[in-house]
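Enquirer: Respectively, the protein sequence lines represent chains H, S and U. Residue numbering for the first sequence follows my numbering, beginning at 1315 and increasing consecutively. Residue numbering for the second sequence follows my numbering, beginning at 553 and increasing consecutively. Residue numbering for the third sequence follows my numbering, beginning at 4 and increasing consecutively.
Derived by calculation from the structure, the hints in this document are not laboratory data. Incorrect hints may appear among the rest.
Once the Cα atoms are required to be at most 30 Å apart in a straight line, the calculated DSBU-like pairs of lysine-lysine come out as [said to hold, decoys possible]:
1. K203/U with K1320/H
2. K1560/H with K246/U
3. K1560/H with K203/U
4. K367/U with K1396/H
5. K1530/H with K367/U
6. K853/S with K1560/H
7. K1320/H with K853/S
8. K246/U with K189/U
If we take Cβ atoms under 7 Å as the criterion, some of the chain H residues that face chain U in the derived model are [to be verified]:
9. A1319
10. Q1359
11. K1530
12. H1542
13. N1543
Part of the chain H face toward chain S, derived, beta carbon under 10 Å [to be verified]:
14. P1354
15. S1356
16. L1362
17. V1363
18. D1457
19. T1630
20. A1631
No residue lacks a Cβ here, since even glycine has one placed at the ideal position from N, Cα and C.
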Amino acid sequence: MRLEAKPMPSLAQSLAYPLGAVAVTLVIVSALVVAAGASPFSVFQLVLVGAAGTPFAALETLTRATPLIFTGLAVAVAFRAKLWNIGAEAQLYVGAVVTVVLGTGALPLPAPILIPVLIVASMIGGGLMLLGPAFLKVRLGVDEVVTTLLLNFVVLLFVSMLLEGVLKDPMALGWPRSASVIAEARLPRVVTGLRLHYGFVLAVVAAIAVWFVMKKTTLGYEMRAVGHNAEAARFAGIPVNRVLLKTAMISGGLAALAGFSEVSGTARNLTLELSPGYGYTGIVVAMLAMLNPLGVVAAAIFVAGIFVGADAMSRTAGVPSYIANVMVATALLTMVTAIMLSRFRIRWR
Amino acid sequence: MEALEILFTASFWVAAIRIASPLIFATMGELICERAGVLNLGIEGIMTAGAFAGWFTVYSGGDLWTGVAVAALAGAMFGALHATLTVPLGLSQHVVGIGITLLATSLTYFVYRLVLPEVTSPPRIEPFRPFAVPYLSDIPLIGPALFNQTPLTYLAFITVGLVAWVLYRTPLGLAVRAAGENPAAVEAQGMSVTAIRMGAVMVGSALMAVGGAFLTMSAFSSFFFEMVNGRGWVCIALVVFGSWRPGKALLGAILFAAFDAYQIRLQQVAEGIPYQLFLMMPYVLSILALIVMSRRASYPKALMVPYQKGER
Amino acid sequence: MPETVLNLSSITKRFGALVANDAINLRLAKGEVVALLGENGAGKTTLMNILFGHYVADEGSIEAFGQPLPPGDPKAALQAGIGMVHQHFTLADNMSVLENIVLGTQSKWSWRLDRAAAVARIRKLSSDFGLAIDPLAPVSSLAVGERQRVEILKALYRDARILILDEPTAVLTPQETEALFATLRKLVAEGLSIIFISHKLNEVMAVSERVLVLRGGWLVGERRTAETTRQELAALMVGQDVKMPEPRPASPGEPLLVFENVSTGQRSGGSRLQNLSFELRAGAITGLAGVSGNGQGAIAALIAGVERPASGRIIVSGREIGDWSPRAALSAGIARIPEDRHAVGSIADMSVAENVVAERYREKPFSRRGVMDWAKAHEFASRLIADYDVKCPSPDTRIRLLSGGNMQKLILGRALDPDPIVILANQPTRGLDVGAVAYVHGKLLEARDRGAAVLLISEDLDEVLALSDTVIVAYQGQISMPSKRGERSVAELGELMAGHGIGEAA
């Protein structure tokens, strides 16, 4: 068999393939649900109701989508330039650490100043976190996939060390937990009494900003050119290494915002349970969105809905909630296959 | 001074070889894949799946070697999926690899929760027992380390010899090395690049899974979440460190494991230093190894380059 | 009539809308050399790839030694005694000559490789046919000519009775080409049959007994070599009467680009430059001839700004450029046409508009304060499409979907539009059909007449001779003294390409 490039797909075609991917994912997951002794229809219904059946559930889904939008954007930006950032998890925690360090009283500022300061500071922290691997890549050719993956473990251990050391809340009675951030460092709730906070709005604004940068600016053009063909980009005079380092700062910064918004918006303090793998799930979100920044918002809400819905479903239907992780991972693989099939035709002879 | 004495205890070297064993299997697995031209980032998830598959087989009444076989089979299946997506379809090996890791891990956890919904403390199995080779195990220091281990450790060392022999001394190994260097050379000699690469990824993934199974069937005797804990990623660094050669990679795995065993012991004598710093060391060491080798590494030229029939 | 060893009947192959081969018949007799002549894109390589099983024909059948050959199976072709020497060598650099030759010849499931017998057999074959090679040498240490010998040995080792050579002389000096022809004559004397693919008329006349001419996928003529002329074959091959531009005499002006004692560091693939000095003058085309890998790559990379000299100076219009980079080269007024238009000259998955602004996206009007003006980029792309006669549906088309010739015209347009003072043209016509070649040559001559200094790097000696006002020859990182148009004969240039007279004199 061989693959042949197809001409530009029509809008219908470019929608048909992703939808096909979703359908295949549902079939595979249904098989697992049946294996678990439950009916796929009732399970999917429970997931749907759990994710969006009530205003409360829907807002919970949006809350859970917030960090995923940030990590999804981080991955989308990096992958566009073929900088394989698998370290969003580490960058997220760096953002959270910066927020806690500066937000627990070290800077006695009013909220309208403190919050922007925290945003900028955590972005710089997360950016620097990815700058290291990016620098090793451009200078020494060290594969950034492995270094960013390994740094996830290093950073988590480092956070653990901080939480048992300098950042430990003396009031926490032995729990490895930081003190809570001061009131001025907290993102306000969108609806009083519910968990959804302005971090979600910030995430949507970030998505629009990233879209603008990628589509309309010289930097976005450079990033896309480097990602498609670094050698041709270098030949044409695009400073490839500098572009990759800039990409690293942006991508790491976006991932760090997930940490900032989780601490400042929901958790208030830092623990090792802050992220149940948002950094890794961000990869799935970005791929489901086909690396489109606006698509990331939709994909993040979709993925968050699956997780929130599956939690609710597993309590009543008895299917392990890990079905959500399986579904998300399956969706990643079916989606990349669908993207390929939408651009290439398979010829068997 | 205590810190240096550790190096001269037999228990230290026994632990080092034990810690090295799963890494040896998985590193050989990754090495085979990469020699054929495919980066397999599914390794972390495949090791998790292998750890569970082997353990569960024994837990539900199978014997230990059946457990190893089932683990290998599970690995080969995930390898087949990886290979189908990356070899004939030519999808990004980075993305597919991460996807396989996510899928294998979550599927394992799902099945674990499905078959053991209620347990809070993970049940144990009777693992492989150390087998002392007569006479040889009496050699001071290295005797117990090399000749009083479980059969799976011996199998790990045999695997290295076998992989080296196949790669450098057989027609099949020639084809695998050529597929990772210049696939057109393989096709021009009448062989299928697709078949060789897919086969290599499946066999390599099976070895990764056996490496995972070592954790539950030889080291810890039960399965718990996140037990692979980055070992797969370390193995990818070890392949680079070993310049894609089985012997050097083995040396790297042992060095690495010795360091790991050393830091565990050092934690007990070094007071006042946070234990996390010691736990970080293996990962930091892997990154340093990548940096040191970056100048010298001569990686397979067609690594991560998809191949289409008739393409030159 | 001698025995027929190979018979291709009405082979048809389509790629999408393109018909690469249209009902082609080919018969090969024992001990015969048949030349397959045609331009790039005429369908020669496709036909041979079908024969060898890399592709499957949509229609038609193949018989080898009276037996039908199963389609799409290189293994079956090899077993039937067909050997192919590909234009781009299919050797694994990390292995020895021996390992490359025995690859795939021994049972895959055998527990050990039989080396001793293989070494003996390779030694015998290489002495029998004058293909000197050390079986234990690593392939990475071999020169191009030696690699070709390994390729031929690969086929002979498998007892090939039919040998296909795809453009075998493209990488050889004239003298090496003679040696290859001598080997081929020995093979034919042993009863082998040979298909010789080429687009060079004089080689076809020298080596073959029968010529098949392909054009646009059609078999347009078949002649006995003894009964035809170069003129007749040329007419068949090209079809219509393409007017090759006739250069007017040049009037060289001041030097616009000067290399002064330039050296490079050690490079992978290709020679490093040692103390190289030359100049490109305004209003003249300088041709750089030589077998590939003799330093042309390094010279091109230096002029393009992709590489920096380790020592020595590069001077553009009298000014030494300190911080050398692609951007510095562009702003100094150097236009670059890269050797590989697919991998280096264009970004396949970006649109035509995005590709044509790649060298100028930071300037007005294409961007302002970091924000792109895509409407202006579109206008520019549309203008280039019209001015350079590019067949392309719209500026939004992904450049991957264009043909080689159209892609090259766009790259040419991108490079020449800002009226450069120096033009680097590295293999600008490789793989193009004759119409596109004439177009590219015309544009280069136009630029020259406008006063630009042009460096034409080409492995095709005919192209260098046709266009250049001055010729220099590269050999192992050094260059010959320049010669004026017509000053040196082809044979003298061939001597230089083989290294005789370079180095000692310089």
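Enquirer: All hints are to be evaluated individually against the structure, with a verdict given for each.
Expert: Hints versus structure:
no., hint, in the structure
1, K203/U with K1320/H, "violated, 34 Å"
2, K1560/H with K246/U, "violated, 51 Å"
3, K1560/H with K203/U, "violated, 50 Å"
4, K367/U with K1396/H, "holds, 28 Å"
5, K1530/H with K367/U, "holds, 15 Å"
6, K853/S with K1560/H, "holds, 28 Å"
7, K1320/H with K853/S, "holds, 28 Å"
8, K246/U with K189/U, "violated, 40 Å"
9, A1319, "holds, 5 Å"
10, Q1359, "violated, 41 Å"
11, K1530, "holds, 6 Å"
12, H1542, "holds, 5 Å"
13, N1543, "holds, 4 Å"
14, P1354, "violated, 15 Å"
15, S1356, "violated, 17 Å"
16, L1362, "violated, 20 Å"
17, V1363, "violated, 21 Å"
18, D1457, "holds, 7 Å"
19, T1630, "violated, 14 Å"
20, A1631, "violated, 12 Å"
Hint compliance for this structure: hints 1, 2, 3, 8, 10, 14, 15, 16, 17, 19, 20 are broken, all remaining hints hold.
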